[in-house]
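Please work from the sequences and hints to get the whole structure.
So the sequence lines, in the order shown, correspond to chains A and B. Under my numbering, the first residue of the first sequence carries the number 20, and numbering increases by one thereafter. Under my numbering, the first residue of the second sequence carries the number 20, and numbering increases by one thereafter.
Don't take every hint at face value.
Pairs count within a copy or across copies, as identical chains cannot be separated in the list.
Said to hold, decoys possible - Calculated cross-link-like contacts (lysine to any residue; reagent style SDA-like; alpha-carbon spacing at most 25 Å):
id, residue 1, residue 2
1, K359, D302
2, K359, T324
3, K359, D316
4, K359, R142
5, K359, D336
6, K359, V315
7, K359, E303
8, K193, G177
9, K359, E335
10, K359, A188
11, K359, D288
12, K359, E192
13, K359, E178
14, K359, A304
15, K359, S263
16, K359, L183
17, K193, P327
Simulated from the structure, these hints should not be mistaken for lab results. Here the structure is a predicted model, which means the values were calculated and not measured.
2 protein chains.
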Amino acid sequence: MTESPIVPVILCGGSGTRLWPRSRATCPKPFLPLVGDSTLFEATVARCADAEGFAPPLVVTGAAHLAHVEAQLGESPGAQVIVEPSARNTAAAIALAALRLPPDAVMLVCPSDHHIADPAAFRIAARAAAALAREGWLVSFGIEATAPETGFGYLQRGEAIGELGFRTARFVEKPDLERARGFIADGGYAWNGGIFAFRAGTFLEELAAHRPAIAAQARAAVAGGHQDGARFHPDAAVFAAIDSESVDYAVMENTARAALVPADMGWSDIGNWDALHAARERDEAGNSARGRAELVDCRNVLVETDGPRVSAIGLEDVVIVVDGDEVLVTTRAGAQLVGKLTGASSQ
Amino acid sequence: MTESPIVPVILCGGSGTRLWPRSRATCPKPFLPLVGDSTLFEATVARCADAEGFAPPLVVTGAAHLAHVEAQLGESPGAQVIVEPSARNTAAAIALAALRLPPDAVMLVCPSDHHIADPAAFRIAARAAAALAREGWLVSFGIEATAPETGFGYLQRGEAIGELGFRTARFVEKPDLERARGFIADGGYAWNGGIFAFRAGTFLEELAAHRPAIAAQARAAVAGGHQDGARFHPDAAVFAAIDSESVDYAVMENTARAALVPADMGWSDIGNWDALHAARERDEAGNSARGRAELVDCRNVLVETDGPRVSAIGLEDVVIVVDGDEVLVTTRAGAQLVGKLTGASSQ
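So, in structure tokens, the structure goes:
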């Protein structure tokens, strides 16, 4: 018996204001070469490409980013794109993909704006997740929780499911610092990496059970849609009426079939400039510079400039970004506030 | 009897690399509006203009800065300019001016790149200095020494000369930190503000006594020079051969006729970005911004940008300067190293 293929479902949404001014509405985070030479989107595609058991990718994106997606897909034989007429969050986006696949296809849902340092470990975890998905589980990638981060969701490990993973005992989205510290001390929690595996049919069943309206509207949007080459366009009016809800809230927190696979693969959501600095190669002083830069007596400084020379003296734990007519200078701790700056929020 | 007039002798030399990248070789520090709306040069001229007892200024500058000088002199009736064929430091520059004035004219030698917050106090000190100069003293402005700065010269106050000032017991140029601390604790020392008053004839006598070669060569350069409208051009070949020495070393440290007048006038040499920050108007958080800037959770931050917006988060005691294709970010403590940056030193 041939196993059903793993179909990478790559989600390209979001505006990425937290990496402003490099990430802008016109060219957001997935399409920028933030770590290494590839863009985050290209790296996401490449992680699943030409690997045994993986089918060509199915990309879900908005019309605004379609040009970036198609340019960066490059030579990806068999790749398909679903063009969202509007942004309705991940539950609806994943439903569109599930409805375009055979029911027994294993969807590997991947955000396109994360960094994974160890693609081989990713593929091992993906195969374990796919195996559980074929048994009917809705599987999350559980990232080892190394610090009491309050910006992530936490997955509590339940009983083991064979050698492959664990039941997910519960989801806790963005706990406060005290709870997060408790989770780290407990040791039985993992971060929700936002990567999921499930059969298309299983997902649609669970969506119909817990969010019947979203499931029905997505089905109608696909039924009323049309194909155009490798692009599929759902019905715009129907799709626009769907509730905007994340897959975490709509399905993963409600299903009785939640599981997780541990994934130790150098994951980062590159959630802000501080996280990007951590993912970058750094010199012995902890500095990382792209573009023309001179650093004197600096430690743990990130410099990124698209043209002007940056000269820095005496700084520690500071991020400097020059992009066009914007200059950002922030402490690493302040990086989480970047999205609230006038420049970032008024794009 | 009519008192001899006070002739402002304004020295415009130097490259000002310590305020790079705003101050550049093509438009150095004196010609920039660094504090308030006027340039430092304009403010220097204005401090002496139209005040009782002050003659029109005599500016000594190099050919490279002549266009700036003449543009910024604007309507200054009677102003004269001596164009140095090369830069030979302050002893030679002042000698040129002295040789172009009547022997009993009181020269008030003013650097053109300092800031004086209280021009009225400056004029009071200038008249006291001029009165001593008419008695044959070579007078320094003594700035109240408020901190053990190692970048300044120190003047030790000797016995009082009437109500006007004091003999200068000795000069100490740029002491180490321990000595500077001792001077502050002693209380009998003032900073040398680089502003001097003396009769032209007295200065030339003292120069001839202590540096006869400089005196003779300056006299020959003037004798071989030529007038061109309001400009005077000394003989280039003769002038180029003069020793390059500061007036402090050549004359003020050697003369037996050194005096000082206390000058409490909000003086700053704007010697680096930190000093400029201190001279600028600041908000209640100690921040000062020129150009488009958004500061979030910042304290004692200076932002200066000639175009791009600067967004800053969480910084304390940091200077950010954007000028053309250069971006400088430095701690205030690091500001003293700016002149050594590649960008500053390779102009």
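Consistency of the hints with the structure:
Only between protomers do K359 and D302 lie at most 25 Å apart by alpha-carbon distance; the minimum there is 22 Å, versus 30 Å within a single protomer. In the homo-oligomer, the alpha carbons of K359 and T324 lie at most 25 Å apart both inside one protomer (21 Å) and across protomers (21 Å), since each shortest distance falls under that limit. Taking the shortest alpha-carbon separations for K359 and D316, only the inter-copy value of 13 Å comes in at or below 25 Å, while the best intra-copy value is 30 Å. Taking the shortest Cα distances, K359 and R142 never come within 25 Å of each other, neither inside one copy (36 Å) nor across copies (50 Å).
Proximity of K359 and D336 under a CA criterion of 25 Å is satisfied in both settings, with 20 Å inside one chain copy and 23 Å between copies. Proximity of K359 to V315 under the C-alpha cut-off of 25 Å is restricted to the inter-copy arrangement: shortest distance 10 Å between copies versus 30 Å within a copy. In this assembly of identical chains, the alpha carbons of K359 and E303 lie at most 25 Å apart only when taken from different copies (23 Å versus 32 Å within one copy). Proximity of K193 and G177 under a CA criterion of 25 Å is satisfied intra-copy only: 19 Å inside one chain copy versus 71 Å between copies.
Taking the shortest Cα distances, K359 and E335 sit within 25 Å of each other both inside one copy (23 Å) and across copies (20 Å). Within a single copy, K359 and A188 get their C-alpha atoms no closer than 35 Å, and across copies no closer than 60 Å, so neither meets the 25 Å cut-off. Taking identical chains as interchangeable, the C-alpha atoms of K359 and D288 lie at most 25 Å apart only when both belong to the same chain, with a minimum of 19 Å there against 39 Å between chains. Within a single copy, K359 and E192 get their C-alpha atoms as close as 22 Å, which meets the 25 Å cut-off; across copies the closest is 50 Å, which misses it.
Proximity of K359 and E178 under a CA criterion of 25 Å is satisfied in neither setting, with 41 Å inside one chain copy and 63 Å between copies. In the homo-oligomer, the alpha carbons of K359 and A304 lie at most 25 Å apart only across protomers (20 Å), although the nearest pairing inside one protomer, at 30 Å, exceeds that limit. In this assembly of identical chains, the alpha carbons of K359 and S263 lie at most 25 Å apart only when taken from the same copy (22 Å versus 55 Å across copies). Proximity of K359 to L183 under the C-alpha cut-off of 25 Å is found in neither arrangement, the shortest distances being 41 Å within a copy and 59 Å between copies.
For a Cα distance limit of 25 Å, the shortest separation of K193 from P327 qualifies neither inside one copy, at 38 Å, nor across copies, at 36 Å.
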